[in-house]
Amino acid sequence: MTNSLLQRLIEMCCRHEFTWPHAGVHGTAYQACLLCGAVYSYDCSTMRRTGRLVTPPDPRYPPMTESQPASE
8 MTNSLLQRLI EMCCRHEFTW PHAGVHGTAY QACLLCGAVY SYDCSTMRRT
58 GRLVTPPDPR YPPMTESQPA SE
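Numbered according to our numbering, the sequence shown spans residues 8 to 79.
Just so you know, the hints here were simulated from the structure itself, not pulled from any lab data. This structure is a prediction, so every number in the text was calculated from the model and none was measured. It is possible that some hints are incorrect.
[As the list claims (entries may be wrong)] Computed beta-carbon distance windows for the label pairs: (1) Gly34 to Leu13: 32 to 38 angstroms; (2) Glu24 to Asp50: 16 to 22 angstroms; (3) Gly34 to Leu12: 18 to 24 angstroms; (4) Val61 to Glu24: 18 to 24 angstroms.
Backbone N, C-alpha and C define an ideal beta-carbon position, used for all residues, glycine too.
Using the sequences and the hints, build the whole thing.
Right under this line is the structure:
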């Protein structure tokens, strides 16, 4: 818990220097902060960040759909 709290404090104080938008494997665009590592979704049509992602898109794992059961 201490690490996640510390990470959130670092992200809140970060001035965010973002990478160029990257296209994820599943068609989702995102930007990452070079300083703190926070990842944000990116809308290419409006050229704006739309919200913070909890984890960066990982090409090794396909996105889960509602009909797909969670693996144990």
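(message) Verify the CB-CB distance for Gly34 and Leu13 against the hinted window 32 to 38 angstroms.
(response) holds, 33 angstroms
(request) Look at the Cβ atoms of Gly34 and Leu12 and judge whether their distance stays inside 18 to 24 angstroms. (result) The hinted range 18 to 24 angstroms is violated for Gly34 and Leu12, with Cβ atoms some 33 angstroms apart.
(request) Go ahead and decide if the range 18 to 24 angstroms is satisfied by the Cβ distance of Val61 to Glu24. (result) With a Cβ separation near 21 angstroms, Val61 and Glu24 satisfy 18 to 24 angstroms, so the hint holds.
(message) Taking the Cβ atom of Glu24 and the Cβ atom of Asp50, is their distance within the range 16 to 22 angstroms?
(response) Cβ of Glu24 to Cβ of Asp50: about 20 angstroms, so the range 16 to 22 angstroms holds.
The earlier numbered hint that this structure contradicts is number 3, and it is the only one.
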